[in-house]
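Given chain A's structure and the hints, the job is docking chains B, C and D onto it.
Protein chains in written order, with our numbering: chain A, 1 to 302; chain B, 1 to 302; chain C, 1 to 277; chain D, 1 to 277.
Do not rely on the hints blindly, as some may be mistaken.
[To be verified] Interface residues of chain A toward chain C, partial, derived using beta-carbon atoms under 8 Å:
1) Gly120
2) Arg149
3) Val200
[As the list claims (entries may be wrong)] Reference listing, derived: stretches of chain C covered by chain B, where coverage requires no fewer than 3 residues with Cβ under 8 Å from a Cβ of chain B:
4) 45-57
5) 96-110
6) 178-192
[What the hints assert, rightly or not] A few chain B residues that face chain D, going by a derived Cβ cut-off under 8 Å, partial list only:
7) Val8
8) Gly69
9) Pro122
10) Ala178
11) Arg219
12) Arg223
The hints are simulated quantities; they were obtained by calculation from the structure and are not laboratory data. Note that beta-carbon positions come from the ideal geometry of N, C-alpha and C, so glycine has one too.
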Amino acid sequence: MTARGERVASLAESAALVRDDMIVGLSGFSYQNPPMAIVREIARRGVKNLTLVSGPTSGLETDLLIGAGCVRRVVTAGVVFERVAAVAPAFRRAAERGDLDVWECDECIWHLALKAAAWGMPHVLWRGGVGTSLPELNSDLKEVMEEGRRYLKVPPVQPDVVFLHAAEADPFGNVRVAREAYLGRTFSESALALACRGPVVATVERIVTNAEVAVSPERTIVRGALVVETPWGAHPGGVSGRYVPDLAHYREYAAAGEASLRGDPVPYRRYLESHVYGTEGHDAYRRSIGAERLDALRTSRA
Amino acid sequence: MTARGERVASLAESAALVRDDMIVGLSGFSYQNPPMAIVREIARRGVKNLTLVSGPTSGLETDLLIGAGCVRRVVTAGVVFERVAAVAPAFRRAAERGDLDVWECDECIWHLALKAAAWGMPHVLWRGGVGTSLPELNSDLKEVMEEGRRYLKVPPVQPDVVFLHAAEADPFGNVRVAREAYLGRTFSESALALACRGPVVATVERIVTNAEVAVSPERTIVRGALVVETPWGAHPGGVSGRYVPDLAHYREYAAAGEASLRGDPVPYRRYLESHVYGTEGHDAYRRSIGAERLDALRTSRA
Amino acid sequence: MSEKRVAPASGPTTPPRDVARLLTCVVARELRDGEVVAFGLNAELLLAAALLAQRLHAPNLRIRHGLRIERGHELSPSAWTEERASRSHEVIEYLEAHDAILDVANRSSPMRFCDVFFVGGMQIDREGSANLIGIRGKDGRMTIRGPGSIGTTSIGTLARHVILFSDEHTTRRLVETVDYVSVPGWRRRAAAGLEGGPSLCVTPLAVLDFADGRMRLRSVHAHATEEDVRRRTGFPLPPGPVRTTPPPTPAEVEALSVVDPKGRLDRVDLCRDGGPR
Amino acid sequence: MSEKRVAPASGPTTPPRDVARLLTCVVARELRDGEVVAFGLNAELLLAAALLAQRLHAPNLRIRHGLRIERGHELSPSAWTEERASRSHEVIEYLEAHDAILDVANRSSPMRFCDVFFVGGMQIDREGSANLIGIRGKDGRMTIRGPGSIGTTSIGTLARHVILFSDEHTTRRLVETVDYVSVPGWRRRAAAGLEGGPSLCVTPLAVLDFADGRMRLRSVHAHATEEDVRRRTGFPLPPGPVRTTPPPTPAEVEALSVVDPKGRLDRVDLCRDGGPR
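For reference, chain A alone in the conformation it holds in the complex (with noise of 0.2 Å):
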């Protein structure tokens, strides 16, 4: 019998699916699942003009990419550093600079036009929203009438390449959540995955065999995808049951995005100088934070 095909793949090549005015999806609810090792890759490829999908609500990944000069245009429900930052900080300049659009929504706004996608629908009419201020900042989100009542029309959002972080893949491409996963199954991962038009790379931490995926299919939450074994790939983000964010490199991070909001751009720098285009690659990034720090991060599986 012939063998199956693996999909196994390396940060760099991944990383070069990316090109200039990309809609780019990315995992990442708030702290959890950022695929940071990624962004770090494609932030270092000095990709332009891109367009996030993330979040529904979003974090650092989305950030750091707008920081570093990747991304047009986001679209999210929200960048936050939940208690280290009620805005996330180069979001927060970009967008007053007049340097980034936010295609402004809300979580199930997101959700609903990811569905278009994955439905191939040309709109999906919503009653949530109506009577806010989408409308007046989204050209393409409108408010309809329709048998009487009022709607926003959510357009289709289709990602062309999507990067997810999680705690395991097989070989051929089955991405599955830690047994201990935090809020319900998944966040957005699978939405991302089934409303792309193109590739879907996972990073995870550790590769398993297809024997070991199998006897729990309803931890699976993407199939087919790409795989990239990136060990502490989310961080400084967590991953779902494996390990914790690093609070204290986000306030870090925080401080130097907020010296930049007040005119001191030298922090901001410094930062992705250090931990972004100063590091070859993601061994050096995981060398430069140091595995002791790594380690206390760990969730503990009591």
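Then chains B, C and D, alone, in the frame of chain A:
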């Protein structure tokens, strides 16, 4: 601390929720999980002009209510007894005589109509089904052009009340499937409950404690239901992970129905007399089938 | 080979199960590596074909059986069955609930429902439209009610490749124009702005394909005759040389014995003689 | 009681945590038996309030904390936390994936997302609209970028009851008219064909409610003064007698000690003095 309120009901009071002309959602995908005990109870009450929303591909629960004269309209992708009858007999007879309106759809469009109701949408646009006879057969399912492409404009379908049968529930209305449930996690039970404008009633094989339900929340498919303990409540249908369909009973039913199609109404009347009108309630029905025959249908847990 | 007349070998020497095995091979040969194949009806035969393809030339074929994608080595009981045993295959994917079928409509997603989809019907017509809805009487009204379109319409409209499968080959099944359309064929698809159309129609007597959106005879099974096939088809099939459907190869025969060790294919319902006139 | 002037008890005798506990009681009293309450932000305080209500008068209150409905006795860590321990509560419901939030929009379904929903914002205005989007400069452009509307807009539009919650009471927070609308208040809802509007606005200094779609003062907390509250509100509040917010009852105090044995409420961030002028 005040006690939580229980939501346990009887078959009779649950069936009394159904009044003439209502839109009634029924679980049951082919042979699996039809709420037959409540269906027989509804038939005994002699309500009229129901619209049934069942399936997506439905079976005996739909056919029996049609045969008992309770139904004016069905919203279903098909009424079949696979390997027993290509078309369910009462459905076939009523449709051919013009006594029954059929909302002609397939399984995806059936779900979209429920989604539109659950999501509060005036319609959804869908590419599947353009170029077919569905727009010709349904006055409210038209083809429209949108941005140069053709779509079916699918209207919402909202049940007034939903009945489903499942393996277990706790007294607080949390309904769950057997661990060994057949395909996927559930069929359309949650889709019906999410769209419903009124009460959701679950007949279950067994009422279990809330503590039991809480350890495996992933098995809970519907919440907030009224719960009726009704062992063998799906018979002659099967319950995923509990018992298989009684195909001999289906063959008996189909033969009676097919006699009607050929012009002999006696066997079908006799069927209704002995299994519906002539049995005073579900306990009497179970006795009429016999414990030995029922026990032989149990799914082995091996 | 193309000049060879089909032998009229329709005697009792070809047992019914050999037809099921032949059709299994015919279908398997159409499935390509890396595809997702989905089917609802005729599950035993089509599942056997998919398992056969996986063993022989399509190791990355994914098989969607009902709402599940499974990986197994043996033909399992069909979806709705009296058999009590839980099926032995590895489930590698399932849709959480039936409505998740909507989420997998995007055919460019790696999680798409399928690439190849099998459709049957009460009627199949010359351009490959299928009808599960009903048959019209002379007055134009529906006089015979069909089962309903079940899971065929949307998937059949949206799938990349549709293969028609019929368990009989009769003029009532293969008609000039279907009375109602559950799944559109070539012309109706074009009129609706959809590309392509069904690629094949497999019956117990023959394999038909499409040229310019109309059915033609690709091969006739060894136990049937071209003449019978043409007589049993409700519309003219273009003339021309017709080959015999290649019989199972030794590799296929061997793989079939692995895929179906319990002889489930023996019990598949097929009208070996094409069915009632 | 209604004639009694609010005592200016804003000295250091009222420690901050007592404000958190008072607000917990204020919110708990608004929650009714059988409802589903949902919140995203300010999770510790609102979760404590819901647990308190469950113990005291609403045993069938269901608590949606993020995407989960849980049942516990103790205040747990909030959604995004450095705490490693998995939370101890019984999860009795969760949405399979975040997009399942769309499925629970039907508020007459027993599986609805919520009945009561808490909303905050950078600005809250007189009619109860909330803004998480940004602040306009004098030229009308957005000069201060807010976080974005996160999970508030659709749920806030569709929920039966919205309660506004603010961790400060300042003229920059409580404004005449919000610069952008994330969640619409009374007039905007009416204009959009939606019934009702927010029922309450809870701040560290006072409880405000609505009459004819405009905010008015319902009660002032004991550690604040009516004068200060009026001065710190960016729009006129109708005159009239104002009562003191009833302090925690003995039953509430006792239940709070069960709900929050580890003193998590002590660490809730609230501007006890209302915040910067």
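Practice task
Against the structure, test the hints numbered earlier, and report the numbers of the ones violated in rising order.
Solution key: 2, 4, 7, 8, 9, 10, 11
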